[in-house]
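Residue numbers (this note's numbering), protein chains in the order written: chain A, 1 to 183; chain B, 184 to 669.
Read the hints as simulated data drawn from the structure, not as lab findings.
Be careful, since some hints might not be right.
[Stated by the list, open to error] Distance ranges between label pairs, derived from CB positions:
1. 179/A - 599/B: 54 to 62 angstroms
2. 178/A - 599/B: 53 to 61 angstroms
3. 230/B - 55/A: 26 to 34 angstroms
4. 41/A - 477/B: 55 to 63 angstroms
5. 3/A - 658/B: 45 to 53 angstroms
6. 593/B - 174/A: 39 to 47 angstroms
7. 599/B - 16/A: 30 to 38 angstroms
8. 531/B - 67/A: 52 to 60 angstroms
9. 175/A - 593/B: 36 to 44 angstroms
10. 449/B - 16/A: 22 to 30 angstroms
Just so you know, even glycine gets a beta-carbon here, dropped at the ideal spot from N, CA and C.
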Amino acid sequence: MNHEQENKIIEGCQAENPRWQKELVLRYSGLLLAVSQRYTRNTETAKDVLQEAFIKIFRYLPRYEPRGSFEGWLRKIVISCALQQLNKKRWKKELSGLDNVPDMAVDPDIFRQMGANELIELIDTLPDGFREVFNLYVIEGYSHKEIGALLGITESTSRSQLTRARKLLQKKLNNVERLRMSI
Amino acid sequence: MSFSSFEKYTRQTLQQHHAAIDAEALWANLEPKVVKSPPKRRGFFWLFLGLGLSAFVAAGWWWSTDQPSAAPSDQLSATEEPTASTPSTAALEISTSDTDQQAAETDATTVAVAPSANQPTHSTKTTANSITPSSTPITTKTVSALSRSDQTDNTPAASIAMGNNAEVTMTSDASEVNLTVSPELNDDSPKSNSSIDAAPEEVNTLALQIVNLTVGPPALAFEPLIPLSFEKSEDQRLRRRRGAFVRNLRYGVGAYVGVGRPSRTLEAREGTPPAYEQVRLNTEKQQESIQAGLELMVQSEQGFYFRTGLQYERIASKFTFNSTITRIDTIEGVQQIIINNFLNDTTEIMGPVPHERTTTFDKITYNNFHIIDVPLILGYNFSQQNWTFGLEAGVTLNIRTSLDGEVFDPELNFYDLATDEQSWYKTNIGARFQAGITAGYLLDNNWQIYFSPRITAPANFNSDESPIRHKYSGLSFRTGVRFFFD
Chain A
1 MNHEQENKII EGCQAENPRW QKELVLRYSG LLLAVSQRYT RNTETAKDVL
51 QEAFIKIFRY LPRYEPRGSF EGWLRKIVIS CALQQLNKKR WKKELSGLDN
101 VPDMAVDPDI FRQMGANELI ELIDTLPDGF REVFNLYVIE GYSHKEIGAL
151 LGITESTSRS QLTRARKLLQ KKLNNVERLR MSI
Chain B
184 MSFSSFEKYT RQTLQQHHAA IDAEALWANL EPKVVKSPPK RRGFFWLFLG
234 LGLSAFVAAG WWWSTDQPSA APSDQLSATE EPTASTPSTA ALEISTSDTD
284 QQAAETDATT VAVAPSANQP THSTKTTANS ITPSSTPITT KTVSALSRSD
334 QTDNTPAASI AMGNNAEVTM TSDASEVNLT VSPELNDDSP KSNSSIDAAP
384 EEVNTLALQI VNLTVGPPAL AFEPLIPLSF EKSEDQRLRR RRGAFVRNLR
434 YGVGAYVGVG RPSRTLEARE GTPPAYEQVR LNTEKQQESI QAGLELMVQS
484 EQGFYFRTGL QYERIASKFT FNSTITRIDT IEGVQQIIIN NFLNDTTEIM
534 GPVPHERTTT FDKITYNNFH IIDVPLILGY NFSQQNWTFG LEAGVTLNIR
584 TSLDGEVFDP ELNFYDLATD EQSWYKTNIG ARFQAGITAG YLLDNNWQIY
634 FSPRITAPAN FNSDESPIRH KYSGLSFRTG VRFFFD
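All chains, full assembly: derive it from the sequences and hints.
Here it is in structure tokens:
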């Protein structure tokens, strides 16, 4: 979508015009549902989060100032709603037993063959806390300081969660490689 | 291959990934929720609140003015049939507390006497507690005034009309008025009649103690300490009842302390990333509130009361943030050690080596809102022996709100609440509604202790410049002591 179209949608929604509000939903719902799914795992929950996010988007849009990417602003709202949906107390439960994940190299041929859905499935196998940090850091580009503030954890916890998430993913990717070679 | 290539590939693939969704169905669900509805009519809430409070006050007023007085100490009519017609003289003495010397010196009056031999009844409208007819002939009657505040140097327009052609003379000197009544009974009249009229501005404040009264037959004996009032009309009687309500007010002062658990809501304003709301929620933890105050209270005999005073409240929250900074510097150090076993010697090769320094930063700040209010509260107390149970409601008018502490701003920098450079917070949060119940115990006739849970309606603490809307409401428990004046 070009910039001009995006501006029309923003201005229409700021004027609370239902036509442009619908246009925004039609244009961005697929992208934002994908964002929501990465945090919620469950498609139905992801849809609930998306609906709630759209309500917030329409509430906040009248005072939106186009300082950055509009799409980035929409994603932040969805992520915020998704994180609110999650129970932050799962962290401690998921930390145990994951300290000794071996560091392994990854064959690029393995993941290059993976499409978006396979990648999402792979990331979904991570424990919730790891997945959240991985998504926020690697895909959304948040800093550890931002992640710490957003999830209510320390920066160092965010770092260690990311490290463990990476190790776990490496292990899983190498398992996939071994499986293919055995076939 | 490094793992970063996998991350880069994942980012590129997933950032533009669109999930399959029926967007039309989603919009159908959203439309009723997002298409703008008419603005909330919050005015109705305040209208109903105002009407409710007005009705409450009006009910209290009606109750206090329309109740028949259990002890109508300010109004009594007595009609007597004389039982004897023995001639006698009566002396009526009125002592006043009037300090107006000049007025007293010129205050010698002979009041009119209205024969009323044909009227068979003796009617006296006074504020007496009781009037007891007596057939015993007593030759004098004395009325002692306990107080008189409005005596002027004008001649009082008082008249005492007594049956049987009585002559009434009232004289006074510096501080005392003597009133002598000399009835000349008409032997033809089987009954005597006397009535006392006086203009309210002259005698309305007199509290007369009639020690002994005889106006020929019948003689009247009054209980001591009788406040007089002589109004007759319905309007005057209504005013008198209201006056009684006012006179029956009891005043009290008190002090209290309380503790509460405020409920906080944060809501990002339009244009503020909701992630900031989440950051604030995660980094700030709500703590208790404490309050203390002094109060003035006025309570009617019927249990309605109004109280005001000065109240201080402190609402606290805890800001916590942990940060770890790892810094790697290059310093001069030992890069390599060569051990020569033959010569039993070691050689150290110096050079730049990495030095890692980790700093953990734990920031904990207690943020406080300091609120000074004037409560305006109406209530009703129901008494059961020494216990009182009450219901009250009203508003607290904020005088000043200040704060200290730190929070994150949207860029995750620390924002000092004390300086509040961007004017996020109000210095006055206006009026807040509050309601509560009270349970009190009277220790004696003057002292009461009480316990009172109460709720306070949400109040917005932020200005329009703030990126977030910050509201507090809550439940608090208060205990205090009151002293009621006699």
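Is the distance from the Cβ of residue 449/B to the Cβ of residue 16/A consistent with 22 to 30 angstroms?
-> holds (24 angstroms)
Do the Cβ positions of residue 3/A and residue 658/B conform to the proposed distance bound of 45 to 53 angstroms?
-> 51 angstroms Cβ-Cβ, so the 45 to 53 angstroms window holds.
CB of residue 593/B to CB of residue 174/A, is that within 39 to 47 angstroms?
-> With Cβ atoms ~41 angstroms apart, the hint holds.
So the hint says 26 to 34 angstroms: do the beta-carbon atoms of residue 230/B and residue 55/A match that?
-> The hint (26 to 34 angstroms, Cβ to Cβ) holds, given that residue 230/B and residue 55/A are roughly 30 angstroms apart.
Do residue 41/A and residue 477/B keep their Cβ atoms within the hinted range of 55 to 63 angstroms?
-> With Cβ atoms ~57 angstroms apart, the hint holds.
Do residue 531/B and residue 67/A keep their Cβ atoms within the hinted range of 52 to 60 angstroms?
-> holds (56 angstroms)
Lying within 36 to 44 angstroms: is that true of the beta-carbon distance residue 175/A to residue 593/B?
-> holds (42 angstroms)
Could you see if the CB distance from residue 179/A to residue 599/B stays within 54 to 62 angstroms?
-> The hinted range 54 to 62 angstroms holds for residue 179/A and residue 599/B, with Cβ atoms some 57 angstroms apart.
Distance restraint hint 53 to 61 angstroms, applied to the beta-carbon atoms of residue 178/A and residue 599/B = holds (56 angstroms)
Does the Cβ-Cβ separation between residue 599/B and residue 16/A fall within 30 to 38 angstroms?
-> Holds, at about 36 angstroms.
When held up to the earlier numbered hints, the structure conflicts with none and fits them all.
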